[in-house]
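With the hints as constraints, model all of the structure from the sequences given.
What follows is each chain in one-letter form.
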Amino acid sequence: MKAVTETSVKRPDLSVEIAGIKLRNPVMPASGTFGYGEEYAPFLDLEKIGAIVTKGLSLKPKAGNPTPRIAETISGMLNAIGLQNVGIDAFIKHKMPFLRTVNTPIIANFFGNTLEEYGEVAKRLNDIPELAAAELNISCPNVKQGGIVFGTDPRAASEVVALVRKHLQKPLIVKLTPNVTDITVVARAVEEAGADAIACINTITGMSVDIHTRKPRLANRTGGLSGPAIRPIAVRMVHQVVQTVSVPVIGIGGIMRPMDALEFLIVGATAVQVGTANFVDPAAMMTIIEGIEAFCIEEGIDDIHQLIGSLKF
Amino acid sequence: MKAVTETSVKRPDLSVEIAGIKLRNPVMPASGTFGYGEEYAPFLDLEKIGAIVTKGLSLKPKAGNPTPRIAETISGMLNAIGLQNVGIDAFIKHKMPFLRTVNTPIIANFFGNTLEEYGEVAKRLNDIPELAAAELNISCPNVKQGGIVFGTDPRAASEVVALVRKHLQKPLIVKLTPNVTDITVVARAVEEAGADAIACINTITGMSVDIHTRKPRLANRTGGLSGPAIRPIAVRMVHQVVQTVSVPVIGIGGIMRPMDALEFLIVGATAVQVGTANFVDPAAMMTIIEGIEAFCIEEGIDDIHQLIGSLKF
Amino acid sequence: MKNYRTKIISNQEISPGYFRMKVLAPGFDEKAHPGQFVMFRVQRSLPPLLRRPFGIFRTGFLPADCDGLPPIEFVEIVYKVVGRGTSIMAELHEGDRVEVLGPLGNGFDCTSRQGEKILVGGGIGLVPLYMLASELVANGCKVRLLMGGRTRDDIFAVTEFERLGVETYISTDDGSLGEEGLVTRVLERKLQKYPDAEVFSCGPLPMLNAVHNICLTYKTPLQVSLEESMACGVGACLGCVVKGAGHTEENPSYLCTCTVGPVFKSQYLDWSSLQQTDNNCGGCA
Amino acid sequence: MKNYRTKIISNQEISPGYFRMKVLAPGFDEKAHPGQFVMFRVQRSLPPLLRRPFGIFRTGFLPADCDGLPPIEFVEIVYKVVGRGTSIMAELHEGDRVEVLGPLGNGFDCTSRQGEKILVGGGIGLVPLYMLASELVANGCKVRLLMGGRTRDDIFAVTEFERLGVETYISTDDGSLGEEGLVTRVLERKLQKYPDAEVFSCGPLPMLNAVHNICLTYKTPLQVSLEESMACGVGACLGCVVKGAGHTEENPSYLCTCTVGPVFKSQYLDWSSLQQTDNNCGGCA
Ligand SMILES: Cc1cc2nc3c(=O)[nH]c(=O)nc-3n(C[C@H](O)[C@H](O)[C@H](O)COP(=O)(O)OP(=O)(O)OC[C@H]3O[C@@H](n4cnc5c(N)ncnc54)[C@H](O)[C@@H]3O)c2cc1C
Ligand SMILES: Cc1cc2nc3c(=O)[nH]c(=O)nc-3n(C[C@H](O)[C@H](O)[C@H](O)COP(=O)(O)OP(=O)(O)OC[C@H]3O[C@@H](n4cnc5c(N)ncnc54)[C@H](O)[C@@H]3O)c2cc1C
Ligand SMILES: Cc1cc2nc3c(=O)[nH]c(=O)nc-3n(C[C@H](O)[C@H](O)[C@H](O)COP(=O)(O)O)c2cc1C
Ligand SMILES: Cc1cc2nc3c(=O)[nH]c(=O)nc-3n(C[C@H](O)[C@H](O)[C@H](O)COP(=O)(O)O)c2cc1C
Ligand code: FES
Ligand code: FES
Chain A
1 MKAVTETSVK RPDLSVEIAG IKLRNPVMPA SGTFGYGEEY APFLDLEKIG
51 AIVTKGLSLK PKAGNPTPRI AETISGMLNA IGLQNVGIDA FIKHKMPFLR
101 TVNTPIIANF FGNTLEEYGE VAKRLNDIPE LAAAELNISC PNVKQGGIVF
151 GTDPRAASEV VALVRKHLQK PLIVKLTPNV TDITVVARAV EEAGADAIAC
201 INTITGMSVD IHTRKPRLAN RTGGLSGPAI RPIAVRMVHQ VVQTVSVPVI
251 GIGGIMRPMD ALEFLIVGAT AVQVGTANFV DPAAMMTIIE GIEAFCIEEG
301 IDDIHQLIGS LKF
Chain B
314 MKAVTETSVK RPDLSVEIAG IKLRNPVMPA SGTFGYGEEY APFLDLEKIG
364 AIVTKGLSLK PKAGNPTPRI AETISGMLNA IGLQNVGIDA FIKHKMPFLR
414 TVNTPIIANF FGNTLEEYGE VAKRLNDIPE LAAAELNISC PNVKQGGIVF
464 GTDPRAASEV VALVRKHLQK PLIVKLTPNV TDITVVARAV EEAGADAIAC
514 INTITGMSVD IHTRKPRLAN RTGGLSGPAI RPIAVRMVHQ VVQTVSVPVI
564 GIGGIMRPMD ALEFLIVGAT AVQVGTANFV DPAAMMTIIE GIEAFCIEEG
614 IDDIHQLIGS LKF
Chain C
627 MKNYRTKIIS NQEISPGYFR MKVLAPGFDE KAHPGQFVMF RVQRSLPPLL
677 RRPFGIFRTG FLPADCDGLP PIEFVEIVYK VVGRGTSIMA ELHEGDRVEV
727 LGPLGNGFDC TSRQGEKILV GGGIGLVPLY MLASELVANG CKVRLLMGGR
777 TRDDIFAVTE FERLGVETYI STDDGSLGEE GLVTRVLERK LQKYPDAEVF
827 SCGPLPMLNA VHNICLTYKT PLQVSLEESM ACGVGACLGC VVKGAGHTEE
877 NPSYLCTCTV GPVFKSQYLD WSSLQQTDNN CGGCA
Chain D
912 MKNYRTKIIS NQEISPGYFR MKVLAPGFDE KAHPGQFVMF RVQRSLPPLL
962 RRPFGIFRTG FLPADCDGLP PIEFVEIVYK VVGRGTSIMA ELHEGDRVEV
1012 LGPLGNGFDC TSRQGEKILV GGGIGLVPLY MLASELVANG CKVRLLMGGR
1062 TRDDIFAVTE FERLGVETYI STDDGSLGEE GLVTRVLERK LQKYPDAEVF
1112 SCGPLPMLNA VHNICLTYKT PLQVSLEESM ACGVGACLGC VVKGAGHTEE
1162 NPSYLCTCTV GPVFKSQYLD WSSLQQTDNN CGGCA
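Residue numbers (my numbering), protein chains in the order written: chain A, 1 to 313; chain B, 314 to 626; chain C, 627 to 911; chain D, 912 to 1196.
Worth flagging that the hints you see were computed from the coordinates, not collected in a lab. One thing to keep in mind: the hints can contain errors.
[What the hints assert, rightly or not] For lysine-lysine, the following BS3-like pairs were computed, each having C-alpha atoms within a straight-line distance of at most 27 angstroms:
hint	chain 1	residue 1	chain 2	residue 2
1	C	Lys628	A	Lys48
2	D	Lys1104	B	Lys375
3	A	Lys312	B	Lys528
4	C	Lys628	A	Lys62
5	B	Lys361	D	Lys1101
6	D	Lys1053	D	Lys1101
7	A	Lys215	B	Lys361
Predicted, not measured: the structure shown is a model, and the values here were computed from it.
In structure tokens:
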């Protein structure tokens, strides 16, 4: 990474807008890999990243799954945390006081166990003035409809987005699951139902077995695969979604290095989220931001928008 | 790997039956990664592997896609060969004479560009007496139905399997695509339509971009992701399919080492196919077979069926 | 806590399969407490993807390389080669670049100066007990260390513990060093003799469980250091939880091993679930 | 052809960014033909996943380690560090275990003993020309080698070629060694002088393309060695194809670079598609 000195080169403008929120740069953490922000404050300057995205919140606190909850795979990891979180009340009471002091847009990721619950959480999020936007995780089983995941059925996805849209007075980002036949169908459905932006992808369901105990390596049997292993799949899906919708898209999946983030931006993502990489290097996002900047300078790009969607065929 | 001497230990019985064909062991190549068998004859004894699976055959020769057709990703590779193959006639004329001399079951992988073509190829395969079985690749775009992939639509999948079943007088293995929301739905559909066995998974669609040229690294833009990166996804899908159908399942996806093959067997695959690993080590299947045998001996297993489906919860 | 992008000072095999590694870490010493751990990044390239957690064996200073320079501050870990990550670590050399995140977690509470202090370590579980022992000795406590292992290869650092003034008792399953049998048998004898003792333990789960049961019987306070698979080490991923005492399905209590632990007072843990856990992590924290 | 699970004999930097590696390979010499290549497996662990193709620079024998033992047979490659795999290779040492699959592919046809032989190599494209030159010399042909590079760093093995009795002509883009300018300018001059010459070439695609055009003009027979991304190297994956002369959408002709090539007679190739190919492989075969 080249050092960039103000005097020698003009710094490229990295700022982007997602769902009406202005971000100083297009790099933010992926939900569930950055806690509630405070956990990583010792390791990087939270006022240098584009936004802070919280762990997924639900109406009531959620305990999550039994352990083992994580297992490493080749170039990836499986997790079955089970959406453990403090719940919206404790979030407001215990987590917001810190977040309020940080001059960076806060995005609350959230979910519900039922359609109604999604609506309820959306309403409660309106009570938090400092919240810049909400990110709706539709990769959750629909308890009432026999556990089928909301986000795998365009109709259910559309329904939950419409309901949330009705209740939420904040910009709405909808986060898609990759475990679908055609992600463009779901993307179109949630855009029509009122999503201001689309984030993709969430984890891909996977499984790993310990051949000696002959047990699944996760207590939950299956879990979500994240990390570099899934990046080519994520890039493909972001490419497809960008071609389909007109709202901005946030690219997620296996971003570890600046060049990985650049791949997503080039196929048309307006911003990116960094997940598993935070565990590997708590300052990963800083390296990625600096690397994007250095790349822009090398390529003579003075506004990141010249890069976004610049894929050639 | 421990050396196994006849005198010291009884060799475990590794033989399995798939769709009525008896295999000496459960390890065979994945279609498209082993040419027509002859390519790998200098590197391993073709009479030591469970079966030989050919490159996908079509009615007419097929040229495939422009290059670059392959790109390496982290722990995986993308390919967009585009099903280049010599066609069924040249296969019979130029490839069968060699294959006929090998005392190992031959499985012909095949596909069509239309429903009718699938039927035609199936008929032609009947003309090859030495063919032990046929493996139907339904991960191909349905030219007539606007390019939607047969295998992603349970109805189309069922239709093509039923038609092939009608024409084919050989055991029929159906190979599923992982690019679906719920692989069990397709698995059930093809079982009901007459599949004697199910093979899964084919490659997962992915994409990779060269950030300097800003072009996709494959001329075809997207390609199929294979190799270790996809293994957790493949294990999960094989697990799901095994729970759903009663025909035998062949596990495929990222198998490089004996322990990888064992994972698939433990979740319930009756056999496995080795793909990308052949490129990395042309004798990979030998190592895998020896490793499975050594594992059985260590664990006191005298028949591989004690291992198959022995997953504990 | 901080991510040290740093270098290896030394990396030596001290017993078959056990290595000690010193890593340059300015400022580490004054921040570290006994029982804390670090997240170690083996190398910049994959695999492994995730960092690996290791207990802090000790921190300290080496003489400066040259007059006028400050002494060289290090953090030392002891690790057992069990899998891919630790195998790669065993191949590292002085001067190799590594990253160490730490000190992390809540360590042992050694504020009580009363009574005998009995430390029970099994195998690699000896690691966090060294700093603990030295702090307890510094506090003026009488410290006894019961070291257990499968064979004599699993017993290390005996002289170092003794140099602190700790009384050591060794037992091995095969009798190849010290007394033959389980370390827990020694513990029972000691507790009969010192009814007002406080126990600190780290080791494989079956051992910890036995220690817990013995301490229950003798009504002895116990602190244990636990091990769970970890991705982040800082409370962000929620991968490393254990069930707290009073955990129920309706009113669940999951505690992060990385932030609430790795050291827990035994009464705050749900021991019935720990017994079931299939945590085949081998070693300890 | 065979997969040699073998060891490195030596691995040296011969020019900035260029390395020569000798690998133990009994039986290789008598099988290898000029222009063939090997698939090299960098290491047993990932990454990289796939093997990397390298032209055979030469094969040969070193004196036995001890009287009574057979001489040590080796295959030698020369590689340029361009990415992840070659960077790892540059770190390998004598004695490190590697796997080499080969010899693979169809090499140069050097059966014609008539006329002058002009070899044109650009950068790493010099590699397969060494064995070719020594075979041509052995056949009694007069061999001239035109070596091109961006700077003098890209020119290597000059003395070795000269020792074969080859006349060498060096040109570099920046004039830092030999003549300033493109190697193709030298080729034109030579063809004017030797109208009945046969040309053999390996190098970056723009260079090959220029060589092809010049040879067309002078009606000189040309063989070129091409490079395509390869997964298997044995004709199984069909990843490495190039379009043959007469290729059309309706009547396509795709030739495997790994089995039909890497050396092609230029008239059998579809040069218009080659020009478009975005094969940024840097070097050559
Ligand atoms: C808080 C804490 C402190 C520890 N302190 C020490 C110590 O001082 N010395 C020491 O030798 N070991 C210690 N361990 C265990 C050590 O982290 C594992 O042995 C190491 O991660 C194995 O890595 P590997 O790549 O070699 O093994 P792998 O190939 O990854 O796996 C081998 C075995 O190690 C277990 N394992 C893998 N990853 C982890 C993980 N992140 N956490 C726990 N277990 C894991 C696996 O379940 C498996 O059984 C500690 C663990 C924790 C949680
Ligand atoms: C038949 C043949 C013979 C060759 N002979 C030589 C030789 O003698 N000396 C030499 O230095 N190089 C040779 N090459 C090129 C060499 O294979 C690549 O430079 C090498 O694979 C790059 O590996 P990497 O991991 O360092 O680069 P990567 O990080 O993989 O990529 C860096 C660059 O190398 C290209 N590349 C990557 N993989 C391949 C591949 N499998 N085939 C071709 N290009 C690739 C990429 O397109 C990229 O531009 C030959 C290639 C072929 C096909
Ligand atoms: C431990 C862990 C917890 C996660 N929790 C959530 C969550 O609460 N809500 C959510 O929408 N996504 C969650 N995710 C998914 C990530 O936000 C992200 O979509 C995914 O990990 C892919 O990105 P990566 O490859 O960069 O990690 C979680 C991922 C991990 C690894
Ligand atoms: C180069 C290449 C070509 C392939 N061609 C075919 C094919 O013709 N027919 C088919 O059914 N599958 C084809 N496949 C898919 C493989 O058979 C296999 O399902 C997939 O690669 C996953 O296995 P792996 O991870 O072990 O490679 C191909 C895969 C590769 C890498
Ligand atoms: S390891 Fe991530 S929360 Fe404890
Ligand atoms: S490299 Fe596989 S066919 Fe040529």
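Going down the list of hints, with the structure as the test:
The straight-line distance between the Cα atoms of Lys628/C and Lys48/A is roughly 18 angstroms, inside the 27 angstroms bound, and the hint therefore holds. Between Lys1104/D and Lys375/B, the direct Cα distance comes to roughly 46 angstroms. Violation of the 27 angstroms bound is thereby established for this hinted pair. For a cut-off of 27 angstroms, the pair hint linking Lys312/A to Lys528/B stands: about 5 angstroms separates their Cα positions. With a C-alpha separation of about 30 angstroms, the suggested pairing of Lys628/C with Lys62/A is violated against the 27 angstroms cut-off.
At most 27 angstroms may separate the alpha-carbon atoms for a hinted pair to count; Lys361/B and Lys1101/D exceed this at roughly 56 angstroms. Of the pairs offered as hints, the one joining Lys1053/D and Lys1101/D holds, with about 13 angstroms between alpha carbons and a cut-off of 27 angstroms not exceeded. A threshold of 27 angstroms between alpha carbons decides the hint, and for Lys215/A with Lys361/B the separation of about 30 angstroms lies outside it, so the pair is violated.
When the structure is compared with the earlier hints, violations turn up for hints 2, 4, 5, 7 and for no others.
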